[in-house]
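K.L.:
Going down the list, the protein sequences come from chains A and B. According to the numbering used here, the first sequence holds residues 1 to 461 in order. According to the numbering used here, the second sequence holds residues 1001 to 1724 in order.
Derived from the structure by calculation, the hints contain no laboratory data. Incorrect hints may have been included.
[As the list claims (entries may be wrong)] Listed below are the simulated DSS-like cross-link pairs for lysine-lysine, each with C-alpha atoms no more than 25 Å apart in a straight line:
1. A:175 / A:6
2. A:57 / A:167
3. A:87 / B:1182
4. B:1662 / A:353
[What the hints assert, rightly or not] Stretch-level coverage of chain B by chain A, calculated; a stretch enters the list once three of its residues show a Cβ under 8 Å from a Cβ in chain A:
5. 1131–1143
6. 1225–1231
7. 1306–1314
8. 1615–1628
In this text, a Cβ means the ideal position worked out from N, Cα and C, and glycines have one as well.
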Amino acid sequence: MEELYKKVPCRESQLNDLLNLLGDYDEPLPYSLFLSGSMATGKSLCIESVLKYLGYKHVIVDCIECYSPKLMYESILTELGSDLEIKSDTMLDLTNALNRIGNSAVRYEPMVVVFDRAERLRTMDQSVMCAFLRLRELCNLNICTIFITHLVYDNFYFKMGVREPIKIFFPNYNKDELFKIIFLHHKSFVRHVQSNHDIDIEIKEELEKPELFANFLNAFLSVFYRPCRDLIELQNMARVNFVKYCEPIIKCEIQAQDLSKLWRHISPILKTSLELLYLRISASKSSNPSPGKENAEHESQCYNFEHTLKDELTSTKTFAQSFELPYYAKFLLIAAYLASYNPPKEDKRLFMKNHGKQRKRLQQVKAKAKISEKLNTQLGPKVFTLDRLLAIFYAILEEKIGLTSNLLAQIATLVELKLIAGSKEIDLDVSKYKCIVGYDFISAVAQTVGFNVRKYLYDFI
Amino acid sequence: MESTVSVSKGVFLFSKGLNKKHSQKKSNPNLFDNIFKKEPWYVTYKRNWKYIENKLTELHCKTYSMLLNDMVNYINSFYFNNETDECGSIIPSATLLTGVNQPDHVSQFTALISKIRQEVTSHIAMVNSQDAPTLKHLVENTVWQLIHGYEALDDIESKDSQDNNEIKKIKKSQCTLKVLLKWYNSKYITVSPKKKKCIRMKRSLVIIIPDFESFNCNVLQDFVMIISSYVPALPIVFVFGVATAVSALHKSLPYHVSSKLLIKVFHSHSSPVYMNQVLEDIFLTHTSPFHLSGKAFELLTDVFLFYDFSVTGLVQSIKYCMMDHYYGDNMKALCCERENIEETVRNLSTDDLESIRQLLSFRPFLEAQLDCQTRINLFEDDDFFREVLCTEINKLHDYMYTFYVCVRLLSVLVTDLPKNVLGKSVREIYTKCAVECVTGTQGFKECMQLLNFQSQMKLVENIKQALKIINAALQVVSPVKPLRSTPTKNNLNNIQLSNDIGEKFVKTIRVHLLMFSRQIENANTETCILTDNIEKGDDNSENIPGNRYKLKEKLLKATRVDKIQSEFEMVRSRFVSYLEEMFNKGLQPPHTQIFHEIFFFSDVASVKKHIVGSPRGALHTALSNPIHYLQCSCCLLASSESVVDTLPDVCLAYKLHRECGKHINLFDWLQAFAAVLRPEDDDDQRQQDTNIHIRFTRAVAELQFLGFIKSSKRKTDHVMRLTW
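Bound conformation, chain A alone (with noise of 0.2 Å):
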């Protein structure tokens, strides 16, 4: 009992509801169990020591995993005991396997079976979460389900009645208990730091202090804990940043017991590594970097990168420029977002030399007004046709080339970067089109082939 409660720290009161309703080896079973939390609060955790510490029979099975019903059911009976490669396709196949097993086995073997990331059988048949809900009545065994979720029970619709499964909840770790989790990893995160330097043995104790880990995860959770709960995310960001709070102990430039200097290296650092939360890029140097000039090099390209990628995530027009594209693309890219944001009874006003003067109705100067506040280029991107776009093309273009392969083939090209939406077959009758890029990305391209976005918009006209 003592080492389960050490094993799962922080989640006491449900490690009791849990070891309370599953109860002892003889009593039944209760019909099924619903577990909701967010992320990393230790739900499966729980569940799994505890269904290792009682020692029933259970499946894990991740509902992910199981695009098709039929694995599920079929990993659930190779995983029961059931020894035949049996076949299993529809609900009604389970559960009358479920009882051949019940007839063979003890009478009254409590089986449990849990479903992780319950959310996905939403999307499969309707009728699946409901046989599960009451998978005892179907079936003549001493069995219970276990749903676990992200999301609560409201999230989820029958179209019938079903039997309620009991509700256990989990919260999410205070800042205290997330202390005390990421404390118990101490010896990993110190042996995480020595395998990344070599080290004296004098600094060693001095890493290995637990006061120094102490203070450091108290500066660090001061930053993180307020955009970020989540602790398994919490753990690398600080696995990451222990390292470089540790490193001017190990350069002998401050004296491990000097508190507030290390605060004052540290939180610069802290705030930097906020803006890649949840990226997961590892900056970190390749273990044995080879030696000599290429070294140096290296390490700058390194630097350089981190600093690029920061502003690549903050602005989309650096993203823009973190890639170059052929000349025309750029050009098709720019005729597919005019196309994308301008009405096509505009098309001839904007792109024409000589349209003609439009005679402002009074009506149509207060339709505009009206819609002002509803810009195109505010309300997304409008479907356009491979015509349009290729006459948009060739009216923004200033030279005269020939529509060859290669120039649809880049409409293809453009489809597979994600930066154009639609089929990527070029067919002249059904083929539409959607442009997917931003304002911003859209003037940093035209810029580098110096054409003026605005000039061509209709809301800016």
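Given the structure of chain A, go ahead and fit chain B onto it with the hints provided.
P.N.:
Positioned in the frame of chain A, the structure of chain B alone reads:
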């Protein structure tokens, strides 16, 4: 190829056993070899292409080796030094930014795979987006490749594990990760912990996703989630190929997925850089057996820069040019090493010699010969002509050697000038030089002027760079030197040998450059003193107060004083004028040379159609002017709009439909169609002619098939035009 009984042209599918296919594949190259084996041009072409191909692979290896090594080290760094700590369910993944040139990716990834196979693991799965429209396909494909990729290698490696045969029977539909897990455990963990070493036990599994962008996001997300739940048991590493930028990765993966990944980013070379490298190192050298004239070269680089950024495409189009250049022309056998010229010339037949005499560039050479006897000899005496040919080809080689050296020199001197008048890279300068005589152009003059303002430091640096190039060029050629002297020994007194090109010329350039660099370096201090003196004089005179007029005079004087050149300036202007002279000699465009047609490919027009295909244009010409393809006399048209009744029916219908608006009334169309075919009949007669009806229906159906029209539901008797 087997023939069919069918009359119509088309693609036929023959179902054949696998073995038969293999034999066919083998025989295919033989077919070419058999027909052309004895043709000298084919032999030359083959040898030269092989030479280029080898060079390409060499370069490819060199440029990618560092990147590949980095990636392999990264992949290796996980799971090999394991037992560090449990990372939970985090999948290490390498992201390779490949650039938008998609045709080139294949070679990159095959190189990566072979490298991984050699150094890390044989369990590699590469899944393309078209193979994995759904999660099911993706998982099945991956697992199948991971399991079976091993056997392909295992056959060679060892045949000790007979139990593999059982696993081999796994059907694709049975491949799930559970199966993979079972297979992996049986293979590496439980079976033989004693036999194999610890390292071998933990072979990592590499999953490569080469075209990340074109995957369905949801499929990938689910896939990553599934894999992440298996990572504690299976050492899996991802490799993503991302064409655009890293943020594409984060855009398509939400945070709960991306937090399962540990991403390290690798940059591959940008393709324009790689293209420059390919061109400079392989094609723009005097050792290259095949040269492109300025126009052709421009076309190819334009296709690259404007359309697709694909180096593979570029190389393929160069190959096409090469085939076009060599095909069926025995004089192209002269494109060979210097040592072999004499022999090849000896082997040329009389017909070949005659065709060489027909070359355009031969005429000015002929006219330059004053002696009547030599002219006649050139035409009649084959042996004499052979000798001349020999020397001229050697001269051409010399010319090419100096030409390329000069192009490189010019590019070094010009690269960091402001405004980039001549361009930055060697290839741009080559295009300029090859099209026309560059020394006569405005850009070249501007550049020389700008050089005249360059600072000492820069100049010295540039000259040093230039010397490096010359030395490299001399090194390449020096082993050839003794052999080269032989042909010049021939007593051809009447044909003047211009000694000033080739290796000697380059050597003199080196001497001159050395001299200039020394002079410029030495001039350094003296100029400083000189200018200082002048300034001092100015200071003195300025101290004396005077009226405006005096000041003006003084300033005028000062400008005049400045005009007295310092030593450095003198040297510099001498240097620039030397450069002008030198480049004038060395940078004569290729088309001024005799027999340049043999080495330089210039038939742009014919190749353009094939390299830059325009399907719609071709269709339009075929339909509006069928004579272009049919070459018949009956369809002769006065203008492109006119119609004749002898035209094929489709063409007729096409032409008539071009006169209509968006919607075409079928009845009117039929009337017009019939009116053209039967101009003499009246309407009623025409309408009753079923023959015309049938022909018209068929023509319309064909047009619809070609995608010009489609039927509309709104107006049942109308069709819609789709092209304009």
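K.L.:
The structure should be examined with respect to each hint, and the outcome stated for every one.
P.N.:
Checked hints:
no.	hint	in the structure
1	A:175 / A:6	19 Å, holds
2	A:57 / A:167	22 Å, holds
3	A:87 / B:1182	19 Å, holds
4	B:1662 / A:353	23 Å, holds
5	1131–1143	holds (count 4)
6	1225–1231	holds (count 3)
7	1306–1314	holds (count 4)
8	1615–1628	holds (count 3)
In summary, this structure violates none of the numbered hints.
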